[in-house]
Amino acid sequence: MSQRVITYAEAVREAIGQAMEADPSVFMLGEDIGIYGGAFGVSGDLIQRFGPERIRDTPISELGIVGAAVGAALVGMKPIVEIQFSDFTAQAMDQIVNQAAKIHFMLGGELSVPMVLRAPTGSGTGAAAQHSQSLESWFAHVPGLKVVMPSSPYEVKGLLLSAIDDPNPVIVLEHKLLYKTSGEVPEEMYRIPIGVSNLVREGKDLVMVATGIMVSRCLEAAQELSAIGIDVSVVDVRSLTPLDMGPIEDQIRKTGRVMLVQEAPKHVGYMAEIAARISEGPAIYSLLEPIKRVCGMDVPIPYAPQLEKAVVPQLPGIISAAQELLRGV
Amino acid sequence: MSQRVITYAEAVREAIGQAMEADPSVFMLGEDIGIYGGAFGVSGDLIQRFGPERIRDTPISELGIVGAAVGAALVGMKPIVEIQFSDFTAQAMDQIVNQAAKIHFMLGGELSVPMVLRAPTGSGTGAAAQHSQSLESWFAHVPGLKVVMPSSPYEVKGLLLSAIDDPNPVIVLEHKLLYKTSGEVPEEMYRIPIGVSNLVREGKDLVMVATGIMVSRCLEAAQELSAIGIDVSVVDVRSLTPLDMGPIEDQIRKTGRVMLVQEAPKHVGYMAEIAARISEGPAIYSLLEPIKRVCGMDVPIPYAPQLEKAVVPQLPGIISAAQELLRGV
Amino acid sequence: MATITPLLGNDAGAISESKEAALAALESLHSIRSFEEAVDGLFARGMMHGTMHLSIGQEAVATGVCAALKESDFITSTHRGHSHCIAKGADLTRMMAELLAKQTGYCRGRGGSMHIADAKTGNLGANGIVAGGIPIATGAALAQKMKGLDNVVVSFFGDGATNEGAFHEALNLAAVWQLPVIFVCENNKYGMSNSTEFSMNIGHIAERGAAYGIPAVTVDGNDIDAVYLAAKEAVDRARQGGGPTLIEAETYRHKGHSKSDKNLYRTKEEIEDWKLRDPIGKFEHLCMEKNLLTKEEVDQVNAKVRETIREAIRSASEAPDSSPDELISSVFRVA
Amino acid sequence: MATITPLLGNDAGAISESKEAALAALESLHSIRSFEEAVDGLFARGMMHGTMHLSIGQEAVATGVCAALKESDFITSTHRGHSHCIAKGADLTRMMAELLAKQTGYCRGRGGSMHIADAKTGNLGANGIVAGGIPIATGAALAQKMKGLDNVVVSFFGDGATNEGAFHEALNLAAVWQLPVIFVCENNKYGMSNSTEFSMNIGHIAERGAAYGIPAVTVDGNDIDAVYLAAKEAVDRARQGGGPTLIEAETYRHKGHSKSDKNLYRTKEEIEDWKLRDPIGKFEHLCMEKNLLTKEEVDQVNAKVRETIREAIRSASEAPDSSPDELISSVFRVA
Ligand SMILES: Cc1ncc(C[n+]2csc(CCOP(=O)(O)OP(=O)(O)O)c2C)c(N)n1
Ligand SMILES: Cc1ncc(C[n+]2csc(CCOP(=O)(O)OP(=O)(O)O)c2C)c(N)n1
Ligand SMILES: [Mg+2]
Ligand SMILES: [Mg+2]
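These protein sequences, in sequence, are chains E, G, B and D.
Here the first sequence is numbered in this note's numbering, starting from 1 and rising by one per residue.
Here the second sequence is numbered in this note's numbering, starting from 1 and rising by one per residue.
Here the third sequence is numbered in this note's numbering, starting from 1 and rising by one per residue.
Here the fourth sequence is numbered in this note's numbering, starting from 1 and rising by one per residue.
Everything labelled a hint here was simulated from the structure, so no lab data went into it.
These figures come from a predicted structure and were not determined experimentally.
Note that beta-carbon positions come from the ideal geometry of N, C-alpha and C, so glycine has one too.
Don't take every hint at face value.
[Stated by the list, open to error] To give an idea of the chain B side of the interface with chain G (calculated C-beta under 7 Å), a few residues:
#1 His49
#2 Arg110
#3 Glu164
#4 Ser193
#5 Gly203
#6 Met288
#7 Leu292
#8 Val298
#9 Val331
#10 Ala335
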């Protein structure tokens with residue numbers, strides 16, 4: 001692996017740039033992705049490199065944008081839509097769910113929608129309830145959509161390139177607090193297959209299963225826990241649909257204890273699915289303790305910084321939950 | 001209880017009519033609810049009784065309709081929105097999720113949105129993938145929304161009247177195949193509290209937990225199973241948010257076996273939440289067998305009648321799943 | 001296979017000016033009508049399920065518009081989409097098979113009437129969502145422009161659809177980007193039970209073009225020549241890079257909105273009045289009056305079409321039912 | 001409490017015709033500017049978090065429009081909403097407290113700048129969703145009509161918002177139902193980085209009124225008299241049952257879109273040019289030219305406002321932080 005360190009935002013940009021160089025049918029559209037460089041600076045200088053036709057700034061009309069991407073994809077283009085905040089997918093749900101997700105199946109299989117929809121997700125910037133949601137479970141529940149939540153710069157480049165290759169609509173949810181984080185990222189165009197969970201740390205006492213930004217938070221927790229003699233596995237779910245239970249079940253078999261960690265509100269969130277898969281067996285037979293979910297509170301994300309932190313899992317909470325799980329409380 | 005038997009659609013209409021008589025701030029708006037009587041005939045003659053101001057036919061603009069309801073609710077009206085098919089809530093998700101659900105919390109508590117949103121849900125009419133979805137898990141996951149799925153004429157009247165009383169936005173998902181089913185419904189304005197699960201049948205061998213139309217299907221299955229000596233409890237979840245686990249946990253404690261039955265696709269569906277709650281304990285300690293989910297397949301709803309049936313749980317499937325659960329396979 | 005040869009790529013002035021064009025147009029008009037009458041019958045006899053939206057009375061719009069298109073052009077269609085499908089050249093057997101939920105149907109029985117698509121003839125799909133196809137058409141037009149092709153895209157939709165946000169956003173995008181897309185509104189006066197008088201505060205849907213700075217025109221949708229000429233102008237402009245056009249074609253559906261419609265929202269008189277203005281009768285009359293076609297020739301087209309439809313029903317009926325085996329494997333395309 | 005007395009319910013012709021009105025308007029204008037300058041400073045010093053959208057340069061729109069409203073009228077506002085809030089009479093201390101994430105803030109620290117609402121002054125809320133408030137305003141207006149009240153509702157929004165489906169659907173509903181709602185578009189030429197030249201193919205947003213059959217007008221949004229007079233006409237019409245109006249007020253934001261804006265999409269010259277047309281300076285100049293106000297009087301207003309803002313910051317800062325104890329119990333209202 002390369003020693004080059006770049007940020008998550010740079011990794012996204014690099015993936016898009018390389019895909020656009022390799023394939024003239026790939027293009028990007030979204031609000032303020034041109035000269036502004038994207039609300040989170042992700043598209044950056046792509047406009048200088050590829051021009052306004054292929055880095056296509058749009059009016060504020062999410063439904064229209066996604067619909068245009070669907071139409072372009074149907075006739076052979078490979079659009080990458082940026083929705084400025086994942087909360088605004090609410091505006092475009094018809095095109096995402098009733099059109100993009102269903103067209104290939106419903107129309108008989110001849111047509112397909114090779115579209116990528118990227119959206120910054122999650123809380124942590126003080127932008128309050130309409131700009132901070134984690135809506136992955138909506139998309140993961142819809143047959144016909146693939147959903148990934150890349151957890152690091154390395155992950156996002158590889159998963160995004162797979163998403164662009166994929167002949168189906170893929171939703172890529174990028175946590176906005178990750179954009180400025182750095183990590184080693186190879187320069188070449190490597191792919192991380194969609195639909196494969198990733199065991200990122202192996203331990204023997206319990207396994208933490210996490211998505212998105214919670215992966216690094218769990219890794220930090222694992223680090224701190226190891227200092228007090230608790231040995232933690234961490235599985236990055238990575239691909240929410242399709243879901244690969246393999247590494248999760250392996251680790252449960254080994255450790256007997258599982259903690260499911262997500263930022264989204266707990267009630268009917270994505271981790272419920274993982275709990276359900278475990279409890280349908282055979283992994284359930286390996287459990288030494290009930291499953292523990294560590295999730296966001298069932299409240300809208302508040303503005304006040306201390307409240308915003310209080311409603312989603314933070315490092316201390318993850319650590320103490322792990323300790324509780326081991327103590328069997 | 002009264003001996004009067006009416007249909008589910010009539011029960012909805014009666015509840016609305018009584019609420020409108022009792023409270024001048026209650027009104028209805030939606031597409032074709034006037035002279036047409038509603039796409040499923042639910043509003044029927046309400047237009048004759050209350051006139052076009054209060055049974056307000058709208059242009060085809062779901063986002064605008066829900067937004068108008070939110071605005072009216074904010075200033076003291078009690079709108080009941082009918083979305084013609086629950087699939088079209090996709091058009092209105094911004095107003096439902098980013099506005100209605102969050103306003104009370106996000107704006108500090110002074111304002112609230114006493115709105116009811118009713119929508120026919122589910123498959124079975126040959127209307128294919130864009131008119132047959134079961135999207136309850138989307139709404140149930142959103143903090144600030146209450147979600148009910150009334151399973152019978154009796155239930156729908158009582159839950160709807162509670163929904164209309166509620167000072168918060170309540171999503172009422174009515175299965176379209178239930179509209180023509182009949183049952184005993186008292187004439188008076190009774191309420192069924194939101195947030196209380198309902199033990200509809202008590203058995204000792206296993207408990208089926210179901211939502212919406214699956215409740216009656218489970219009751220039928222229980223009936224048939226009792227003929228071969230299998231004694232089944234059935235719990236109607238009724239209120240998806242807030243969720244009452246009481247009767248579910250009681251029955252698991254008693255029977256040791258649980259089957260979770262929903263029409264929606266299995267992956268990240270509502271029943272995953274119930275599985276998760278169980279597996280977080282203490283109910284998990286009472287399980288004699290892994291949890292069994294009996295759900296829709298993870299595919300869009302197809303048009304062909306035999307395919308449409310094949311993708312959602314039917315009576316024989318529920319029965320054989322129960323038998324498998326008892327045999328421990 | 002039971003196909004008709006619809007009128008595509010007409011370039012010889014009004015349709016009623018050329019015998020060849022008139023015959024092809026007539027074949028298209030009659031095919032749409034006969035197909036839908038057959039479907040209506042099958043439905044009534046319980047041989048079809050689901051729901052059904054018939055465009056009987058509106059056939060001149062699809063036919064007149066498609067006459068201005070070439071094969072490589074695209075369309076998006078609606079819940080009331082048989083006419084668009086046929087006018088663009090779809091195989092009637094595969095359409096019928098789809099409605100009969102057969103494996104040989106356009107959607108392998110998975111979509112039904114509301115989801116017929118035909119990649120071969122450039123039909124990107126009917127749509128169960130009102131206005132759902134409008135942004136999609138815009139995107140397909142964007143692709144043509146980006147690829148440097150001179151294809152155009154036509155989006156068909158109803159009057160009711162113009163009240164949806166999707167209409168607004170799509171027209172604005174098309175205008176801003178000057179895309180080769182023609183927005184064809186079949187104004188049949190009703191969106192289900194809601195008349196345009198109740199659903200909008202303007203006299204003509206064409207007035208909505210002003211909001212986007214795009215040319216807009218209202219034509220008699222029951223006059224196939226008028227439809228064709230307006231479409232031709234718009235298509236030519238779009239093909240030459242002149243951007244989008246909004247065409248409002250005023251027409252009427254003779255039947256109810258769908259099978260469950262009791263028609264309480266309109267009068268018998270209104271329906272009868274519009275039947276007098278039936279686009280097919282009107283066009284036949286014109287052709288005969290102009291001595292372009294004889295009564296015999298008209299009857300021949302009619303007879304040929306009826307036989308084609310019978311054949312379509314026959315072979316569609318014999319096809320195997322839609323297969324449950326490939327459900328799971330059909331959700332995603334395998335690379 | 002640090003409140004100002006904004007100009008509401010003016011009925012005496014143009015604002016610059018009455019000393020009393022002019023003084024109240026000036027107080028509103030300065031309060032908005034001073035409040036936002038203070039906020040900008042607090043932000044720069046890291047004492048505020050989140051994001052911030054300032055309306056510096058646009059103050060005449062909110063002030064002029066609200067001058068035509070009475071207390072019981074309603075407004076919906078936007079992400080750039082401080083001006084609307086202040087012009088309708090909000091308490092500056094509670095606003096500042098909200099931005100400082102205090103328990104005494106309008107949203108108890110849960111909403112921040114983008115979600116300030118004030119039931120008492122009829123402000124139904126800023127909105128973080130572009131165009132999110134427009135359908136809500138329409139619904140509030142529907143309620144006024146149904147209740148037989150003569151209140152009107154004003155919906156403020158930006159030029160970019162008019163490209164959203166929500167704008168379209170809401171204006172259509174308001175037109176069809178002839179609701180007492182005034183749609184006020186603050187056209188500041190940009191939606192974030194997208195100029196109106198790129199985001200729409202028309203010269204004036206007022207041209208969009210034609211699509212709904214509602215009266216629409218363009219005014220100089222930096223001329224408070226012009227704004228007021230247009231608003232007054234629209235409000236009077238709405239109050240008398242004459243239905244909605246679309247007002248486009250052309251203006252400009254001096255600052256970037258939000259804190260993270262590098263202003264790459266517009267020129268320094270353009271910004272400087274618009275600063276010369278600053279609505280506050282312009283109005284002060286007019287009042288002095290007309291001998292309506294003296295320089296001293298103007299300075300007095302300015303001084304009073306500054307002291308009020310200082311007081312707002314002072315008391316807001318002393319308030320307790322937003323409390324985490326009531327999070328769960330605040331999601332639903334208890335009957
Ligand atoms: C988004 C959405 N809303 C509502 C419906 C239900 N519906 C189907 S067709 C129809 C009427 C459409 O009217 P119009 O656009 O005029 O087309 P027409 O049926 O007259 O051809 C309605 C309300 C739908 N399918 N999709
Ligand atoms: C639905 C939605 N899309 C995008 C955004 C991100 N966003 C916030 S403000 C803004 C620009 C709005 O422009 P305009 O309506 O002209 O208002 P202005 O900021 O100029 O006052 C954008 C794109 C949003 N908040 N909501
Ligand atoms: Mg119509
Ligand atoms: Mg603007």
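The hints, checked one at a time:
1. The beta carbon of B:His49 comes within 4 Å of a beta carbon in chain G, closer than 7 Å, and the hint placing it at the interface holds.
2. Evaluation of the B:Arg110 hint against chain G yields a held restraint, the C-beta minimum of about 4 Å falling below 7 Å.
3. Hint status for B:Glu164 relative to chain G: holds, with the closest Cβ pair at about 6 Å, below 7 Å.
4. For B:Ser193, the interface hint holds, since its Cβ comes within 7 Å of a Cβ in chain G; the closest pair sits about 4 Å apart.
5. For B:Gly203, the interface hint is violated, since its Cβ never comes within 7 Å of a Cβ in chain G; the closest pair sits about 16 Å apart.
6. Nearest Cβ of chain G to the Cβ of B:Met288: about 40 Å, over the 7 Å cut. The hint is violated.
7. Look at B:Leu292: its Cβ only gets to about 40 Å from chain G, farther than 7 Å, so that hint breaks.
8. Among the interface hints, the one on B:Val298 is violated; its C-beta lies about 36 Å from the nearest C-beta in chain G, farther than the 7 Å criterion.
9. Against a cut-off of 7 Å between C-beta atoms, the interface hint on B:Val331 holds, since the closest Cβ of chain G lies about 5 Å away.
10. At a threshold of 7 Å, the smallest CB-CB gap from B:Ala335 to chain G is about 19 Å, leaving the interface hint violated.
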